[in-house]
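Please construct the entire structure, taking both the sequences and the accompanying hints into account.
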Amino acid sequence: MNEKIGEVFSITKDNEPILGCTTSKAVNDTLTYFSLARNTDISAEIYPYYKMIYVLKGQLEVYGNNGYTKVVKEKESFITFTDIPMGIRTKDDVIYTEILIRQTISN
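Mapping to numbering that gives the first Met the number 0: the sequence shown position 53 is 52, numbers consecutive.
Derived from the structure by calculation, the hints contain no laboratory data.
All C-beta atoms in this analysis are idealised placements derived from N, C-alpha and C, irrespective of residue type, glycine included.
Computed Cβ-Cβ distance ranges for the label pairs, DEER-style:
id : residue 1 : residue 2 : range
1  : Arg37     : Glu75     : 13 to 21 Å
2  : Lys69     : Leu30     : 18 to 26 Å
3  : Val7      : Lys74     : 17 to 25 Å
4  : Gln102    : Tyr67     : 18 to 26 Å
5  : Lys12     : Arg37     : 17 to 25 Å
6  : Arg101    : Ser23     : 17 to 25 Å
7  : Gly63     : Ser23     : 14 to 22 Å
8  : Glu73     : Glu2      : 20 to 28 Å
9  : Leu99     : Thr68     : 17 to 25 Å
Here is the structure:
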C-alpha cells in the first residue's frame, strides 16, 4: 500500500483519468481506485462476490450482458450482482472506488 498514512489525501486529485485509458490502483485486496476516461469501459465479467462501487467524480453505467443497465452518479453507491456478467462504462471522465464484499455462505 502506498497511501499517505496519517495524512489527508485526495483520491480524485491523485488519480485523474488519462485520455483514452482505464486505470486502477489496488490499495489492498478489497479496495481499488478506478479512473476511466470518457468513452471507455471495463467489459462485463463474472465474480462470485459483491462489489460496492462509490462514484467520487462523474457518473458511470453498470451493465450486464442481459440488457441490465443502471446509471450511478457522483456521490452515489451501487452493489453489483454476483455470478452474472457485470461491466462498467462511461461517456465522461469518472473516478470511483470499488470495495469487494466477500460473500458469506451459511448452511
